[in-house]
Amino acid sequence: MKFKKKNIITLVMVASVICLGIFGVYQYNQKTFYYRYLNGQYDRAFYQLVDNMENMQVGLSKLQVAEEEDMDILTLTDIHRRAFTAIEALGQLPVPSATVENTSKLLNQIGDYSYSLERKRARGIEFSSEDRKNLTKLQGMTGDISTELHKLYGELVSGTVKYSDLKSRAGTRLDYISDKLVGRKFGAIEKNMSDMPTLIYDGPFSSALEKTRPKGVTGSVTDLAGAKKKAVGFLGIKNADSVSQYSYVGGPIQGLGLEVKKGDSDYFLNVSKIGGHVIWMIDNRNVNNINISVKQAAGYADNFLKGNGYEGMVPTYSMKYDDTAVINYAYSKDGIIYYPDLIKVKVALDDGSVVGFDAMNYYMSHTQRTIGKPKLTQGQAEERVSLNLNIEQVRLAVIPLTGGKEVLTYEFMGNYGGNTYYVYINAQTGNEDQVLQIIETDEGKLTM
Amino acid sequence: MRKKYRTLFLTAILVVTLFAQGAAYSTSLSLRPKGGKGVQISKADKVGKTDKRVAASESPSRGVSNRDEYMILAHLIYGEARGEPYVGKVAVGAVVLNRVKSSKFSNSISGVIYQPGAFTAVAEGQMWMDPDNESVRAAKDALSGWDPSGGAIYYYNPAKTTSRWIWARPVLTVIGRHRFAR
Numbered sequence: 001m002k003f004k005k006k007n008i009i010t011l012v013m014v015a016s017v018i019c020l021g022i023f024g025v026y027q028y029n030q031k032t033f034y035y036r037y038l039n040g041q042y043d044r045a046f047y048q049l050v051d052n053m054e055n056m057q058v059g060l061s062k063l064q065v066a067e068e069e070d071m072d073i074l075t076l077t078d079i080h081r082r083a084f085t086a087i088e089a090l091g092q093l094p095v096p097s098a099t100v101e102n103t104s105k106l107l108n109q110i111g112d113y114s115y116s117l118e119r120k121r122a123r124g125i126e127f128s129s130e131d132r133k134n135l136t137k138l139q140g141m142t143g144d145i146s147t148e149l150h151k152l153y154g155e156l157v158s159g160t161v162k163y164s165d166l167k168s169r170a171g172t173r174l175d176y177i178s179d180k181l182v183g184r185k186f187g188a189i190e191k192n193m194s195d196m197p198t199l200i201y202d203g204p205f206s207s208a209l210e211k212t213r214p215k216g217v218t219g220s221v222t223d224l225a226g227a228k229k230k231a232v233g234f235l236g237i238k239n240a241d242s243v244s245q246y247s248y249v250g251g252p253i254q255g256l257g258l259e260v261k262k263g264d265s266d267y268f269l270n271v272s273k274i275g276g277h278v279i280w281m282i283d284n285r286n287v288n289n290i291n292i293s294v295k296q297a298a299g300y301a302d303n304f305l306k307g308n309g310y311e312g313m314v315p316t317y318s319m320k321y322d323d324t325a326v327i328n329y330a331y332s333k334d335g336i337i338y339y340p341d342l343i344k345v346k347v348a349l350d351d352g353s354v355v356g357f358d359a360m361n362y363y364m365s366h367t368q369r370t371i372g373k374p375k376l377t378q379g380q381a382e383e384r385v386s387l388n389l390n391i392e393q394v395r396l397a398v399i400p401l402t403g404g405k406e407v408l409t410y411e412f413m414g415n416y417g418g419n420t421y422y423v424y425i426n427a428q429t430g431n432e433d434q435v436l437q438i439i440e441t442d443e444g445k446l447t448m
Numbered sequence: 001m002r003k004k005y006r007t008l009f010l011t012a013i014l015v016v017t018l019f020a021q022g023a024a025y026s027t028s029l030s031l032r033p034k035g036g037k038g039v040q041i042s043k044a045d046k047v048g049k050t051d052k053r054v055a056a057s058e059s060p061s062r063g064v065s066n067r068d069e070y071m072i073l074a075h076l077i078y079g080e081a082r083g084e085p086y087v088g089k090v091a092v093g094a095v096v097l098n099r100v101k102s103s104k105f106s107n108s109i110s111g112v113i114y115q116p117g118a119f120t121a122v123a124e125g126q127m128w129m130d131p132d133n134e135s136v137r138a139a140k141d142a143l144s145g146w147d148p149s150g151g152a153i154y155y156y157n158p159a160k161t162t163s164r165w166i167w168a169r170p171v172l173t174v175i176g177r178h179r180f181a182r
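As given, the protein sequences belong to chains L and F, one line each in that order.
Per my numbering, residue 1 is the first one in the first sequence, and the count goes up by one each step.
Per my numbering, residue 1 is the first one in the second sequence, and the count goes up by one each step.
For reference, chain L alone in the conformation it holds in the complex (with noise of 0.2 Å):
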């Protein structure tokens, strides 16, 4: 009796570790499985990177022999697509953004750089010698860098070196590299491209923009009790049941950031050391309820306005959300009107008060410009316009490019197909220097 008992709990045992055993086994196939197959992908897009560095090398070297315009435009087009499809590819391996923060730097000006030349020779505007220095300079650095990725690609293939340990998620933290992984490696290659040219150009990731300080704040240094005074006059509340200041804020535009909290409206703003002048305002509440139109908010939103003393204020374009109102204004005098001088003021569709504000574009551009008389008149900048547009309204405006300029044009708002268009001509080159399709959706109107 005793001996059958004993045979029985062996029994259990043996099998109990047999299936153990099974699952052990299923479990390891299994997460081989997805570790190929996940570095499948990791080598998909290394090699991608690799290979579109590698033909933005030759590219570039053949600027520097073409001379035929249409040869450097199509040349210029492929390093731009080139330049964009290696960015995202490195933003899909694991390696920490950090250690290959030089590597995107410099794909990304890459790309935009060889846009703002295409546009330049598109105009029949050759190279200036800059521009060839330049072309000369990254040419070298994409080499060096080609070649170091190839090495780098070679060691993958054979396993020496790893994309990431996946247990302790290795690789994607900066504080977990280990040599033997390819975010270490990119720390080697990125150490060659400190000198990097500076490249000053019309687009959106120019060295220029990187030192854009703020136009429109002017006035004396403000302590906190002066920002807290501003803050309540600014939102019109009387009684506030508190004022406090949440932290400090070292951004765009240094300020003090404030909460004050009246009933059910906690309102977080920033208010800017020099001048006190409100940057942006946004209230907690959850508004639920639709009790005036978009057009009556916008009439609050007008008061909001008038009553902090913005004048010249124009509505552009309004968009409604979540039971909410956003209205664009833009800076308006004899009879320009500003775009890059934006401020946003968010209503509620229940009471109409103002439950958000944002003034941030407006402080960082605002100023006394000098801008002079537009060499073309209405009538020739219309001629540029294409014959499909039915036109409705001519207007002169100011608008922003990509690289921080601002530029005179003439701005057509028109029709063609049931949609609406803003077309931009430059009021002193005649250049379409920017074309908007205005889409109704059910937020709003949205320009793409």
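It is possible that some hints are incorrect.
Here are the simulated DSS-like cross-link-like pairs (lysine-lysine), alpha carbons at most 25 Å apart as the crow flies [what the hints assert, rightly or not]:
(1) L/K137 - L/K120
(2) F/K104 - L/K105
(3) F/K104 - L/K191
(4) L/K230 - L/K261
(5) L/K273 - L/K306
(6) F/K104 - L/K151
(7) L/K273 - L/K238
(8) L/K191 - L/K133
(9) L/K405 - F/K160
(10) F/K104 - L/K162
(11) L/K133 - F/K104
(12) L/K162 - L/K151
(13) L/K295 - L/K320
(14) L/K405 - F/K101
(15) L/K120 - L/K373
(16) L/K31 - L/K215
(17) L/K133 - L/K120
(18) L/K273 - L/K215
(19) L/K261 - L/K229
(20) L/K215 - F/K101
(21) L/K273 - L/K320
(22) L/K137 - F/K104
(23) F/K101 - L/K120
(24) F/K101 - L/K105
(25) L/K191 - F/K101
None of these hints come from the bench; they were simulated from the model.
Fit chain F to the supplied structure of chain L, relying on the hints for placement.
Chain F alone, transformed into the frame defined by chain L:
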């Protein structure tokens, strides 16, 4: 003797059960974390799938919408900053958009959000929970241009971060438990 066997047997069963549970969890490929870590979302607050269906039937005929953009951002905001004040949620959304604009990162919202290792909510799965109304609102405000982060491209919770590198970045502003840095 008998007692010893029984203990062994029970231990073996315990081990197998534990293993089986672990395996079931990992093989079902469930990306969502189990349970909501104490966050209760009422039916009315959920904006996920139900809302999407409604929107699809009413979507404008032109076929362009920024809906996908703000939903992916709302998911990230909810995953990363559930317990934060509203302004802190907008700020997290703004950091994503600042990265899109920065030359140091990918040029698309999805590229920035899904960059391996960039956000813990993606690595740990909270990203796939249905966002609440407040996160959707925050995403829309961030896309409309509000930036309470002061132009930051990094943020961290000082209580949870050990990375010396991130502590060395200049802090621009502090909202709730997050430090926003350049």
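Hint check results:
1. L/K137 - L/K120: Holds, at roughly 20 Å.
2. F/K104 - L/K105: Between F/K104 and L/K105 the Cα gap is close to 5 Å, so the pair holds against 25 Å.
3. F/K104 - L/K191: holds (15 Å)
4. L/K230 - L/K261: With a Cα-Cα distance of about 15 Å, the restraint between L/K230 and L/K261 holds, given a limit of 25 Å.
5. L/K273 - L/K306: With a Cα-Cα distance of about 23 Å, the restraint between L/K273 and L/K306 holds, given a limit of 25 Å.
6. F/K104 - L/K151: With Cα atoms ~24 Å apart, F/K104 and L/K151 stay inside 25 Å; holds.
7. L/K273 - L/K238: Satisfied, since the Cα-Cα distance of roughly 23 Å is no more than 25 Å.
8. L/K191 - L/K133: holds (22 Å)
9. L/K405 - F/K160: violated (42 Å)
10. F/K104 - L/K162: Given that 25 Å is the threshold and the Cα spacing comes to 23 Å, the pair holds.
11. L/K133 - F/K104: Holds - the C-alpha atoms of F/K104 and L/K133 are around 24 Å apart, at most 25 Å.
12. L/K162 - L/K151: Since the Cα atoms of L/K162 and L/K151 sit roughly 14 Å apart, the hinted pair holds (cutoff 25 Å).
13. L/K295 - L/K320: holds (11 Å)
14. L/K405 - F/K101: Holds, because 17 Å separates the two Cα atoms, which is no more than 25 Å.
15. L/K120 - L/K373: holds (24 Å)
16. L/K31 - L/K215: violated (57 Å)
17. L/K133 - L/K120: Answer holds: L/K133 to L/K120 is near 16 Å, not above 25 Å.
18. L/K273 - L/K215: holds (14 Å)
19. L/K261 - L/K229: holds (14 Å)
20. L/K215 - F/K101: Since the Cα atoms of L/K215 and F/K101 sit roughly 21 Å apart, the hinted pair holds (cutoff 25 Å).
21. L/K273 - L/K320: Roughly 32 Å between the alpha carbons, so the hint for L/K273 and L/K320 is violated.
22. L/K137 - F/K104: holds (20 Å)
23. F/K101 - L/K120: holds (23 Å)
24. F/K101 - L/K105: holds (11 Å)
25. L/K191 - F/K101: holds (24 Å)
Checked against the numbered hints given earlier, this structure breaks hints 9, 16, 21; the rest are met.
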